[in-house]
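Hey, can you work out the whole structure from these sequences and the hints?
2 protein chains.
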Amino acid sequence: VPDLKPLTPGLAAKFVSLAGPHGALTEATDIAPYNEEPRGLYRGASPLVLRPATVEQVSAILKLAHDERVAIVPQGGNTGLVGGQTPFGGEIILNLSRMNRIRDVDAAGNTLTVEAGATLAAVQDAAATAGRLFPLSLGSEGSCQIGGNIASNAGGVHVLRYGNMRDLVLGLEAVLPGGEVIHGLKRLRKDNTGYDLKSLLIGSEGTLAVITAATLKLFPRPADVATAFVGLPSLEAAGALFTRASEGAGPLLTAFELIPLAILDFVFRHLPQHRDPLAERHPWYALIEISSPLGDGVAERAALSILEAAMEAGTVADAAVAASETQAADFWRLREAIVESQKFEGGSIKHDVSVPVAAIPRFVREATAAVEALVPGARPVPFGHFGDGNIHFNVSQPARGDTAADKAAYLARWDEMQALVHGIVLRHGGSISAEHGIGRMKAAALAEIKSPAEMALLRGIKAAFDPRGVLNPGKVLASAAVK
Amino acid sequence: VPDLKPLTPGLAAKFVSLAGPHGALTEATDIAPYNEEPRGLYRGASPLVLRPATVEQVSAILKLAHDERVAIVPQGGNTGLVGGQTPFGGEIILNLSRMNRIRDVDAAGNTLTVEAGATLAAVQDAAATAGRLFPLSLGSEGSCQIGGNIASNAGGVHVLRYGNMRDLVLGLEAVLPGGEVIHGLKRLRKDNTGYDLKSLLIGSEGTLAVITAATLKLFPRPADVATAFVGLPSLEAAGALFTRASEGAGPLLTAFELIPLAILDFVFRHLPQHRDPLAERHPWYALIEISSPLGDGVAERAALSILEAAMEAGTVADAAVAASETQAADFWRLREAIVESQKFEGGSIKHDVSVPVAAIPRFVREATAAVEALVPGARPVPFGHFGDGNIHFNVSQPARGDTAADKAAYLARWDEMQALVHGIVLRHGGSISAEHGIGRMKAAALAEIKSPAEMALLRGIKAAFDPRGVLNPGKVLASAAVK
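These protein sequences, in sequence, are chains F and H.
To convert, take the position in the first sequence, counting from 1, and add 11; that gives this note's numbering.
To convert, take the position in the second sequence, counting from 1, and add 11; that gives this note's numbering.
Be aware that one or more of the hints could be misleading.
Given that identical chains are not distinguished, each listed pair holds provided it fits within a single copy or across any two copies.
[Said to hold, decoys possible] Within a straight-line C-alpha distance of at most 20 Å, the following computed SDA-like cross-link-like pairs (lysine to any residue) qualify:
hint, residue 1, residue 2
1, K25, P58
2, K197, L437
3, K197, P463
4, K354, Y173
5, K74, P463
6, K197, P372
7, K461, G182
No lab work stands behind these hints, which were simulated from the structure alone.
This is the structure we're talking about:
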């Protein structure tokens, strides 16, 4: 267990001087938004936010932190969902937002090099301007930052075809505790020179190094895209449709999202700007995207062919294929609205889990029964990335409770419900964190699900990168020393 | 530097007893083929080959090796090209060939679980029998083993679309020095629970753990495949055609291989069963494969459309699209024959390198000039995976020399020529090992191209997995202690 030191005023002044002009926030009101994560689940008490503008400044800051054994919490857009970006107490926040340049776009080579603090949307836009696609796409893309996406190995709606962030990074620039800069911004598709440090840093949630820039893969933009909103009689039907679409469209199937009726009801109740694409109500829905490079309406014909065969087979009840880009965008806005809609229905206990795709129906049924037994009236709204086996098994509080006390009492059962759901996930050979990571929320759970040998490897790797434990202590690897 | 112990007769007997019936080879004539790698570049002097049949036996062997500080060299099909599978001297060889069961094929879930010793061809066949595709494909697929493919992060001809081995593994079972078994045969597409141990083991060349089984990704088989053999006026034309094919076929472009005229001449001179698919000779050729899930001849129409436009633009001189599966197989056999054909032209100094795709023409020109200046008359035959930027820059000895002494004198310049070529690769931001790994051949070079901070991380990771350094010592990380 590392022996970390408190941040004295003298040390704080040294850090401020290393962060350059406008590189530090020291007033409590300025710092407050950086100390709290979006849902208010975790709140730190950092007295200092550093906002360096260059990799040299990051290096100097990490060297001082290492020398003086002062804890640092790296932070991007502060949209993480497991508390990885929030201090426990008085750790320094190292926010990368000011390092936000697109350093290079190479359309011919299909690469883009960007600093950690650029938003995901800015990266998508820069790729589009060059006639290319950067496929990572998720709800917070307007505010999340690429460094955080990398540190958390972000997923989203296009993993099915393009993989998660680990599959999209060709090279990294990163700073180690001690201040050494790893200059790894390679543009190579193949590089078998030693252990895969890049994959190790991706998903390490700021505990091994501070990522300052990345070279990302770009892709040709598809010539046409078909987007379908599909009504399904059952979860098994979703599985059958997914198999049919995978076989019929292969790599042209770029999204397959699952939506339950209950959550569509939330949306139409609270966000009336959204409309139901289908005439009737169905127990389950899928949002499907097929993208073709071939032009000539191939994507739409492929989608129609798959859907028609599925309707004949009884696995699809009804479907709407978007007739325009506007309508396709409406379908996607409806998909994104299901996250927002949950806020209007009181507290929500969230589970970001994955199971083998074939196990989704049984997992959902078992977990639904279990949480309804634990909290009578609790309303599960499992949705998400069906094609990856990644279900956001979120559970809204019972409908009858509408006071702040009801909500607090419900959310107080978070750990209990999560342990219950995770137990079912593990019985199906699943993961208790499919795409959000471990952070602070699941650090204790991680130590329970991994074997002692695996935990020893994780700690050994941590020690190799950060021997004094100054980087994001207590995240991923729980530490008794961190308050 | 680890303090390893020699293998005494008493210890050897203990190891033999742990490997089970028929689990050990102790006669020099039986051991000889395991001590030497295919081209005779490296030869060990191991007195003992262990061939365990179960993961429990592997665990017991590694525990004893760790306890007694005895060196172990894991080995699969013994087809590696950098000496990673060959002992330096008297290390025990731990050969996984007898652990070769296909444990499970899940066609619906698109996964296959297999033990390390199964050949790549056996895995491909098992997938095909289930109506699925396992896409890894390389010249030695009949004899290389899946454990070695994983340990070396193998590449091959379909990386462009499906990635290399690291992209194809969902889960691993592996044994650590000390004997702990990592039970990680997950079937999940998404799992963000802690540092990526799986990616770290893949490509670690038997230096961190012994991989005993893996769960692999399968894919739907394409409905139709178009294979074209294309004559090109220049390397720049290859680049232009690759860009056109990437944009026009997107993920349907499943291979784009580069072949130089000089090596086709080798083939037709020595392997007369092969025929030139084109009427005229061209300075460069590409072998292109487009695979479509859509049926109705979409793949062939896409290929013709791309090739016709490229001919109009002057980037393609001539092209043959295979009219049958037989002809497509002929094109691929011609591609594979280019490796064999080099043996008939004397010694060949090989470079497995990658550069950004756009840099290939300049790299090839500069490296060609450099090796011709170093060894007048040397004949470069750069070929390989153009779409990945991965060129096998092989250089055959001058044509006039045909004695064994000529060959030996030429091969004696291996290190000198490799250093020269690698210098040019590095100037283009490339990699000195694109897909073959580091092994023994490039361990000294690795220490030169990585920064001291990176080397310290690699050593720290090694120490976390293998604190006594018993696993494949001197591979990847050079060690003065290993003779």
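Going through the hints against the structure:
no., hint, verdict
1, K25 x P58, "within (14 Å within a copy, 61 Å between copies)"
2, K197 x L437, "between (37 Å within a copy, 11 Å between copies)"
3, K197 x P463, "between (35 Å within a copy, 18 Å between copies)"
4, K354 x Y173, "neither (30 Å within a copy, 40 Å between copies)"
5, K74 x P463, "between (32 Å within a copy, 16 Å between copies)"
6, K197 x P372, "between (42 Å within a copy, 18 Å between copies)"
7, K461 x G182, "between (29 Å within a copy, 14 Å between copies)"
Checked against the numbered hints above, the structure violates only hint 4.
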